[in-house]
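Asker: Sequence:
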Amino acid sequence: MKKLYTLMAVAGLASSAFAQQITTARVFEGGPALNLQSEVITDSLISAPNCAQPNIVTFGAVAGGYFSGTNGTGDKEKGLFIFPTQGYNIENVYALIPVKEHVISGDFQAYIYPFDTAAGSVGAAIGTSSPVSITSIDTANLGFTAFNFPNRPYVSGPFIMTVQVDNGGDTIAIATSDVQGGCGNGSMVEKLADDSWANTPTRWNANVWLWMFADADGSLSTDSHILDRESAKAFPNPAANEITITYDVNAAADVTLNIIDVTGRVVYTEVSNNVSGRQFQNINTSEFNNGVYFYTVSSENNVLEGKFVVRH
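According to mature numbering (1 follows the signal peptide of the UniProt record, and there is no 0), the stretch in the sequence shown is residues -19 to -1, 1 to 293, in order.
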């Protein structure tokens, strides 16, 4: 089972003194990325908030180029802040790339950086993906491009995942949500030409969701697993007034269930002492707002995670 991370508001990262002007360059309505036949959407580390759907947009700068890429803005990388609750090994980063400028037939890579929330600083990259040639990036069919991390970088605290958007000749742009939606919780960031970092909402006056996802391996430890990692399910999904979360426990244990909204706020917590076997927990969702929710089921060093939708 892939692991889900939630997003939270970001503060403390340096940014330019004034916002740059932008103008809509290209809009993709209801692209196939929203119905991707893979685990990228359903079992990823992060999930697009409701405000991002169904808008898939690429904005251009008045001075030329894309604020979700380059071709004139001089940026090196674009990415998102992630705030995990525990440690995982990253397997892949995915990006929806609708625009590219093919000049030298070069490669692009994705990166994982640690982020110090107290200092507001970004550390040296701890993970670099295998290169992906610009000729392999399909902009015509609007599909996700996968960047694989063969060494599986380990993350246990706040980090940034980015995709290179300029390789010194070729450039690409990553799709975003509509700027009018005020989406993304300030989580989009960029690495500039001078290797400094900027928060996109401050620099561009555009708080958007960047269409990027990631996944991690399901193994949390080499120790025995109290929880069966493949067993967690939530039904009915979408839910209206009640949802049942079910999972298997391999031995008697205290188990904590947390439900988290898309802002990273814990909206429900329940601790139970369970005997081994199949468990069923019923949660009243009648007071939950419509939207996407994540849940974690944890015991000792084992965590199961998933998501569900509330729709009244």
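Just so you know, the hints here were simulated from the structure itself, not pulled from any lab data. For every residue, glycine included, the Cβ atom is placed at its ideal position computed from N, Cα and C. A portion of the hints provided could be inaccurate.
Taking CB as the label site, the calculated pair distances span [as the list claims (entries may be wrong)]:
| no. | residue 1 | residue 2 | range |
| --- | --- | --- | --- |
| 1 | Val247 | Ser86 | 21 to 31 angstroms |
| 2 | Val248 | Thr120 | 31 to 41 angstroms |
| 3 | Ser102 | Asn254 | 57 to 67 angstroms |
| 4 | Arg259 | Asp88 | 23 to 33 angstroms |
| 5 | Pro219 | Asp97 | 37 to 47 angstroms |
| 6 | Val247 | Asn186 | 46 to 56 angstroms |
| 7 | Ala221 | Ser86 | 16 to 26 angstroms |
| 8 | Tyr249 | Tyr135 | 55 to 65 angstroms |
Asker: Run every hint past the structure and note whether it holds.
Answerer: A quick look at each hint next to the structure:
1. In this structure, Val247 and Ser86 break the distance hint of 21 to 31 angstroms, their C-beta atoms being roughly 48 angstroms apart.
2. Distance hint check: the CB atoms of Val248 and Thr120 are about 39 angstroms apart, consistent with the given range 31 to 41 angstroms.
3. Between Ser102 and Asn254 the CB atoms are about 42 angstroms apart, so this pair departs from the stated range of 57 to 67 angstroms.
4. Checked against the given bound of 23 to 33 angstroms, the beta carbons of Arg259 and Asp88, roughly 47 angstroms apart, lie outside it.
5. At about 38 angstroms, the beta-carbon gap between Pro219 and Asp97 stays in the expected band of 37 to 47 angstroms.
6. The beta-carbon spacing between Val247 and Asn186, approximately 31 angstroms, falls outside the hinted interval of 46 to 56 angstroms.
7. A hinted range of 16 to 26 angstroms is violated for the C-beta pair Ala221 and Ser86, which are about 52 angstroms apart.
8. In this structure the hint that Tyr249 and Tyr135 lie 55 to 65 angstroms apart at CB is violated, the actual value being about 29 angstroms.
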